[in-house]
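Trainee: Residues per chain are reported as follows:
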Amino acid sequence: MTGSIGARIAGLVAPVIVALAATIGLLLLADAPPFEALKLIGEGAFSGKTRFADTLMAWAPVAIAGAGLVVTFAAGLWNIGVEGQIVAGAIAASLAARTVPGDRGLVLTVTLAGGVIGGALWGGAAGVLKVKGKVNEIFGGIGLGFVAQAFATYLIIGPWKRSGVASTSGTEPFRPETWLPTAFDTRLAPIAIGLALAILIGVGLVMRGTRFGLRLRAVGSNPASARLLGVPADATTMRAFLVGGGLAGLAGAVIVTGVQHKLVPAIAGGRGFLAVLVVLLAGYRVRWVGPIALFFAAISVGSSQLQLRLDLDSSLGAVIQGLLVLSAVLFGGWFAKRQGLGRQT
Amino acid sequence: MTLSVEGITKRFGNLVANDGISLELPAGTLHSILGENGAGKSTLMKILSGIVSPDSGWVILDGQPIALGSPEQALAAGIGMLHQEPLVCLPFTAAENFRLGSRRSVAASTAELVETGSRFGFRLDPAAVTRSLSIGERQQLEIVRLLAAGIKVLILDEPTSGITINQRRELFAALHRLAGEGLTVLFVSHKLEEVNELCTSVTVLRRGRVVGTSALPRREEDLVEMMFEQGSLIPTRAPATENGGVVAELIAVSSGDERTGITRADLQVNEGEVVGLAGLEGSGQGSLLRALAGTASIQRGRVTIGGRDVTHRTAQRAAEAGISFLPGGRLEEGLLPGLTITEHIELASNSARFLDWDAARLRAIEAIDAFRIKGSPDSAADQLSGGNQQRLLLALLPPKLKLLLMEHPTRGLDLDSAAYVWGRLLERRKDGTAIIFSSADIDELLTYSDRILVLFEGRIIARLAARDTDAEEVGTLIGGRVTA
Numbered sequence: 001m002t003g004s005i006g007a008r009i010a011g012l013v014a015p016v017i018v019a020l021a022a023t024i025g026l027l028l029l030a031d032a033p034p035f036e037a038l039k040l041i042g043e044g045a046f047s048g049k050t051r052f053a054d055t056l057m058a059w060a061p062v063a064i065a066g067a068g069l070v071v072t073f074a075a076g077l078w079n080i081g082v083e084g085q086i087v088a089g090a091i092a093a094s095l096a097a098r099t100v101p102g103d104r105g106l107v108l109t110v111t112l113a114g115g116v117i118g119g120a121l122w123g124g125a126a127g128v129l130k131v132k133g134k135v136n137e138i139f140g141g142i143g144l145g146f147v148a149q150a151f152a153t154y155l156i157i158g159p160w161k162r163s164g165v166a167s168t169s170g171t172e173p174f175r176p177e178t179w180l181p182t183a184f185d186t187r188l189a190p191i192a193i194g195l196a197l198a199i200l201i202g203v204g205l206v207m208r209g210t211r212f213g214l215r216l217r218a219v220g221s222n223p224a225s226a227r228l229l230g231v232p233a234d235a236t237t238m239r240a241f242l243v244g245g246g247l248a249g250l251a252g253a254v255i256v257t258g259v260q261h262k263l264v265p266a267i268a269g270g271r272g273f274l275a276v277l278v279v280l281l282a283g284y285r286v287r288w289v290g291p292i293a294l295f296f297a298a299i300s301v302g303s304s305q306l307q308l309r310l311d312l313d314s315s316l317g318a319v320i321q322g323l324l325v326l327s328a329v330l331f332g333g334w335f336a337k338r339q340g341l342g343r344q345t
Numbered sequence: 346m347t348l349s350v351e352g353i354t355k356r357f358g359n360l361v362a363n364d365g366i367s368l369e370l371p372a373g374t375l376h377s378i379l380g381e382n383g384a385g386k387s388t389l390m391k392i393l394s395g396i397v398s399p400d401s402g403w404v405i406l407d408g409q410p411i412a413l414g415s416p417e418q419a420l421a422a423g424i425g426m427l428h429q430e431p432l433v434c435l436p437f438t439a440a441e442n443f444r445l446g447s448r449r450s451v452a453a454s455t456a457e458l459v460e461t462g463s464r465f466g467f468r469l470d471p472a473a474v475t476r477s478l479s480i481g482e483r484q485q486l487e488i489v490r491l492l493a494a495g496i497k498v499l500i501l502d503e504p505t506s507g508i509t510i511n512q513r514r515e516l517f518a519a520l521h522r523l524a525g526e527g528l529t530v531l532f533v534s535h536k537l538e539e540v541n542e543l544c545t546s547v548t549v550l551r552r553g554r555v556v557g558t559s560a561l562p563r564r565e566e567d568l569v570e571m572m573f574e575q576g577s578l579i580p581t582r583a584p585a586t587e588n589g590g591v592v593a594e595l596i597a598v599s600s601g602d603e604r605t606g607i608t609r610a611d612l613q614v615n616e617g618e619v620v621g622l623a624g625l626e627g628s629g630q631g632s633l634l635r636a637l638a639g640t641a642s643i644q645r646g647r648v649t650i651g652g653r654d655v656t657h658r659t660a661q662r663a664a665e666a667g668i669s670f671l672p673g674g675r676l677e678e679g680l681l682p683g684l685t686i687t688e689h690i691e692l693a694s695n696s697a698r699f700l701d702w703d704a705a706r707l708r709a710i711e712a713i714d715a716f717r718i719k720g721s722p723d724s725a726a727d728q729l730s731g732g733n734q735q736r737l738l739l740a741l742l743p744p745k746l747k748l749l750l751m752e753h754p755t756r757g758l759d760l761d762s763a764a765y766v767w768g769r770l771l772e773r774r775k776d777g778t779a780i781i782f783s784s785a786d787i788d789e790l791l792t793y794s795d796r797i798l799v800l801f802e803g804r805i806i807a808r809l810a811a812r813d814t815d816a817e818e819v820g821t822l823i824g825g826r827v828t829a
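For the record, the sequence lines run as chains W and A. For the first sequence, our numbering assigns the number 1 to the initial residue and increments by one for each residue that follows. For the second sequence, our numbering assigns the number 346 to the initial residue and increments by one for each residue that follows.
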């Protein structure tokens, strides 16, 4: 359509260069050798199977929640409540893990499904508030997020506390039958990675090839017009919340069964918000969600090396992520303006 | 103060909206730009007023090339535009709107508003809230604001739609006076009669290029010939079928807000009948149409379709019952910005769970041919010109309809497009489809309606058989004067 291939590549590369330059400046300010630090982040994420496995396990929940956000964004919804939906999914998964007896296959299936249901309930609640109560999904989502988070903390120090002590470090680990099986002597759970890949592909197919996907985009473009064209706008909005929430809940269940093996207060740990940024950078296109989420997961996991080796705070990784998002958004807006797309009426 | 335009070119994707356009207008010229829908008029005006940047070419004011990056820069250079819908902030008072973008004190600017206004015969109350002003008064306010900003070139885009005949007279008198004082006026309109009345010269665009210039006045037939590659045809009007049953009925319906709503409206529409709604902008036409379309809530009264009570149903139920509504705000209420023609057609026509994009593309190409839409299957709805957006809306209508509701079906369309649109619409009457439409164009109402209802302040004040009335009677009634 508009804009040459060159301009598009520039649009992808320029923000990375700017963010990189800003990061190097920051590292110099912190009296750290910048290239050494960047190299350490890269090594920390990818060198050796253990680290690579950790990166992939950090990637899977963000990719799954991100795929769900592609659905809600398509319907024009800012599902900021995704963080709370991850927590709700994790709570539901923990409930299943604590109560369902039997062998691993059954327990895991119920636990993962429980996560989907928990997240869908929380997403659905935001949807009802939006459709029936005319509550903006951003405020509804943030409010519901507080409720989910408080409920998780209550369960951890209350009914689900460890025998003897109530600690905010989490519940007792669940029995090993509820853990996703791992491979290669690492923490890598192939089921989590497989689920994430399948969901990314599935959401891509739904968005491209189904009436549901087209209806989502119609409602996202203009609900009033969509109604006149025979699209049930409110029902479509509800479905978007259920799918987006369900996938966020599944991400929560993957964190419980594949990473933590127990319920901790910070079970979502900002992964939902990170997924929002990933999807923004991906321009709402699901095929970019996987690679961009991997890049961010690598920075998170890799930056822990900074603390160990250079005595720098590992939150520098979060700073780099933030810089990348800001410069990408900035350049995105700038290129749109230059092409005169932003101004057309 | 000569305005020259040299070699302006602007592309949107594959569409060349302006293709090397050049003009030269000495100070004090009253010049018109004519062209059918999609000829490139709006794009050229947007470039001159800084809303869109050209790909190449220059705008030169008095020998100096000017930078046109934004409306602010254009205004600073001396070019101001009066938009079709005046760009005023409705909750502000007239004085507050006037002061926007100016650095002068409240007292000084208010005095300037009154003084400049009265110099051109505009009676503007500085303390009036803009929402309460008519479209014509809002225009006057905008013109005065632009003049106070020191413009040398004034662009007017379809300024006479939605204003009264008196306001039009005042506007034209003011424009003549301004031209006498050296202001260059660029006037965009579809109404050839007005162009002849106001302007002294004309440039005709076709497919983004200048295809002719002429002094005015000229015979309208000559102008039409320049605008179109072939002459236009008014579709022949078959008489209404007399024996149709009642399709829809409003019984004492009140709906909408206090300002633009309807109060206790009664209406019966028969199969194959065309009912025109006349009235000043916002006299209740929109609320009446939306009450039937199911997009507005009904406070009192009953609506029946085919004898069934449907008073409190949704737009979707209405669509299922065979009612379609083409709203006036095409992008705001009718189309999906960002989605392509193919995607629109697919949404409207296909109910399968899985989509076949190859088949969808073929259907889109068929629709583009059948409705003569200037665009490709991949053109986004918001990239199309106004007339082509209307054609796309028509292409989206279901094949079988009981009742078709339309707001300003041909607003912004040139004569040829309007005739074409009506030809397609009237074909549907053979299947018994009833049509209710509102229009600001009395000729359109008289030409295509069987019956004309005149609305005033939310009430139906007259019901006329179209063949027994004339423009004068309708025009008088629109102003609220009921003749004995």
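For the record, the hints were derived by calculation from the structure and aren't laboratory data. Since we're looking at a predicted model, the values are computed, not measured. Keep in mind that a hint or two might mislead.
Unchecked claim - Distance ranges between label pairs, derived from CB positions: (1) A697/A to F151/W: 38 to 44 angstroms; (2) D103/W to R653/A: 55 to 61 angstroms; (3) Q418/A to K49/W: 56 to 62 angstroms; (4) A697/A to I142/W: 34 to 40 angstroms; (5) E417/A to T50/W: 57 to 63 angstroms; (6) E430/A to I142/W: 32 to 38 angstroms; (7) G352/A to L330/W: 42 to 48 angstroms; (8) A697/A to P101/W: 41 to 47 angstroms.
The beta-carbon is built from N, C-alpha and C at its ideal position, and this holds for glycine as well.
Trainee: Does each hint hold? Answer for all of them.
Mentor: Structure-based check of each hint:
Evaluation of the 38 to 44 angstroms hint for A697/A and F151/W yields a pass: the beta carbon distance comes to about 42 angstroms. Taking the beta carbon of each, D103/W and R653/A are about 58 angstroms apart, inside 55 to 61 angstroms as hinted. Checked against the hint of 56 to 62 angstroms, the C-beta distance between Q418/A and K49/W comes to roughly 59 angstroms, which is consistent with it. Under the hint 34 to 40 angstroms, the C-beta atoms of A697/A and I142/W, about 38 angstroms apart, fit the expected range.
Range check, E417/A to T50/W: Cβ separation about 58 angstroms, and the 57 to 63 angstroms hint holds. Distance hint check for E430/A and I142/W: the Cβ-Cβ separation is about 36 angstroms, which falls inside the suggested range of 32 to 38 angstroms. Checking the proposed 42 to 48 angstroms range against G352/A and L330/W shows it is violated: the Cβ atoms sit about 34 angstroms from each other. In this structure, A697/A and P101/W meet the distance hint of 41 to 47 angstroms, their C-beta atoms being roughly 44 angstroms apart.
When each numbered hint is compared with the structure, a violation occurs for hint 7 only.
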